[in-house]
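Protein sequences, first through last, are from chains H and D.
If you read the first sequence in the numbering used here, its first letter stands for residue 1, the second for the next number, and so on.
If you read the second sequence in the numbering used here, its first letter stands for residue 1, the second for the next number, and so on.
Be a bit skeptical, because a hint or two may be false.
[To be verified] Covered stretches of chain H, as calculated for chain D (at least 3 residues, CB under 8 Å):
no.: 1; region: 43-50
no.: 2; region: 134-146
no.: 3; region: 268-276
no.: 4; region: 298-304
no.: 5; region: 310-324
In case anyone wonders, no lab produced these hints; they're calculated from the structure.
Built from N, CA and C at the ideal position, the CB exists for glycine as well.
Protein chains: 2
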Amino acid sequence: MGLVADITDLGTRIALGERRALARGITLIESARADHRLQAARLLEGLPKDREALRIGLSGTPGVGKSTFIESFGMMLADRGLRIAVLAVDPSSARSGGSILGDKTRMDRLSRHKNAFIRPSPSQTHLGGVARRTREAVALCEAAGFDIVLIETVGVGQSETVVAQMADLFLLLLAPAGGDELQGVKRGIMEMADLILVNKADGDLKAAATRTCADYAGALRLLRKRPQDPDGFPKAMMVSAVETTGLETAWETMQTLVDWRRDAGHWVRRRIEQSQYWFAEDVRAGLLSQLDAPRARNEMLRLGAQVADGDLAPSIAADQMLRWLSAVKR
Amino acid sequence: MGLVADITDLGTRIALGERRALARGITLIESARADHRLQAARLLEGLPKDREALRIGLSGTPGVGKSTFIESFGMMLADRGLRIAVLAVDPSSARSGGSILGDKTRMDRLSRHKNAFIRPSPSQTHLGGVARRTREAVALCEAAGFDIVLIETVGVGQSETVVAQMADLFLLLLAPAGGDELQGVKRGIMEMADLILVNKADGDLKAAATRTCADYAGALRLLRKRPQDPDGFPKAMMVSAVETTGLETAWETMQTLVDWRRDAGHWVRRRIEQSQYWFAEDVRAGLLSQLDAPRARNEMLRLGAQVADGDLAPSIAADQMLRWLSAVKR
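Sequences are here, hints too, so could you generate the full structure?
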């Protein structure tokens, strides 16, 4: 990709809601090239600041029916005239060779809907890089006037935390469990969830879904109450993406929660906290990115081998590495 | 504290096992002063490399009887002629004003035993700083010929991970639980433990201890088997620090585990992995330490306020901060 000819014009066309301009803008912010980064910064600075989408984070392991859920849930919203953008955070996509949203045919109808915009995860190995680019893509989608930005993740490593830290609402999608075990959902993820949706509440799995939903409702009640929750939240509910049941109730529940948080001041406060979190994270990531340069990697390997052999204490090797890094910079 | 007059002499005296020299050496490595750091590096480089203590990490929340356990367990080992050093990792001590081992009277007999050496946690706010200094103190204790170095922590924040990453064995000390709940032990901590010791298995609490021990034994069986464990490990056992029961069996169990790991090559492999982990961690901590300088903190606050007001996007503020940092360096 070359440089954008007219960055102001691109920003104007994004603000007008042109999807090709939006797609081009996202490609620009996904680039790691220094000149692209400069253009991306100018693009972001010039965006209208008065638009605000509802940012929904969605996590669920492979097999819970995430694509089908997004298709059904997204179609319901799009048919009501709401404009919905779908983005993905998948730090594993570079390795696995295919991103979770790469196969757009899995969301065939939604991807062709005039009110929907679907963008696969960029191929990046670093979660830090993915996080930054996804936040910037969210900003572009908001500027393009989308009402809802849905950010999905498969929950590899820290990706759920990353998504929760950029969302107004965090949904956890689960499948009915076989036995009486809670599907090994990490406690930290449960604590981030605003709404747990047990999918596949249809056909043979309906009974299992009912039991799983009750189990999670019980588990949620054991968690400490968070200030940002009204009574009865976080909630566990059943949906069937295939039969499109429960989706309307889920959407109404989300709106109830969002309205309460807006009125109570939590919405604004959370956005400010998230901004400051990402500012500090970006600074830290920027400082650590010095270690990604090929020469720095080699030096780390060289010193690391001496540490492994016992020839160099870890702290002394680290001091040598830090001196090497500041010498390179000058 | 002034500079050490003769750093080679200090190293020699530490290697001879002189406790006053060891205490002086630890004070030196705990200092953040640049000239002290240089002397500390020279001291560490000159230490004998052929001595190896068994490093035992011990975690337990306040109230489980940690001091009493260390006193009883340490006395048993010291009376057998084993030399034991006790160090503490407590990132909260700077705030709370008192370190966990600060009150040596709680380990009155052990602190006066000729085979024991007890050192309170340094007063540092940063866990990174505490971690580095504790590892260096461990190295000094090993060079001084101690057979066992016990590193204790109260488990604030990430301190258990820090201790587990510098120990050959990781023990989790628990108190009998009241009801049928597993005392809210974080899953990650369970997964690090080699041995869970349920303390206070005496008097009125004995029945509760038995039940708690069985609960944890069951929970441990549900965890994925780790390559570094022989059959039957990790284990849960009962002890009474007050009645000094179960301590010999616990010590024999630790030795069985250690022998197995040595024979299977896990001991050496783990030490190498730990060294490489700390090398990389120290490099990262060194890069991030630029943010601790008072002027850098002020700049972060200034830009952070603009981010909070919505005047500056987080990523753009971060770029400005990174430019500020590299300008300051030149």
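Each hint tested on the structure:
1. 43-50: Three-residue rule met by the region 43-50 of chain H, so holds; n is 3.
2. 134-146: holds (count 3)
3. 268-276: This one holds; 3 residues, not fewer than the three required, reach chain D with a Cβ under 8 Å.
4. 298-304: holds (count 3)
5. 310-324: holds (count 10)
Going through the hint list in order, the structure satisfies each hint without exception.
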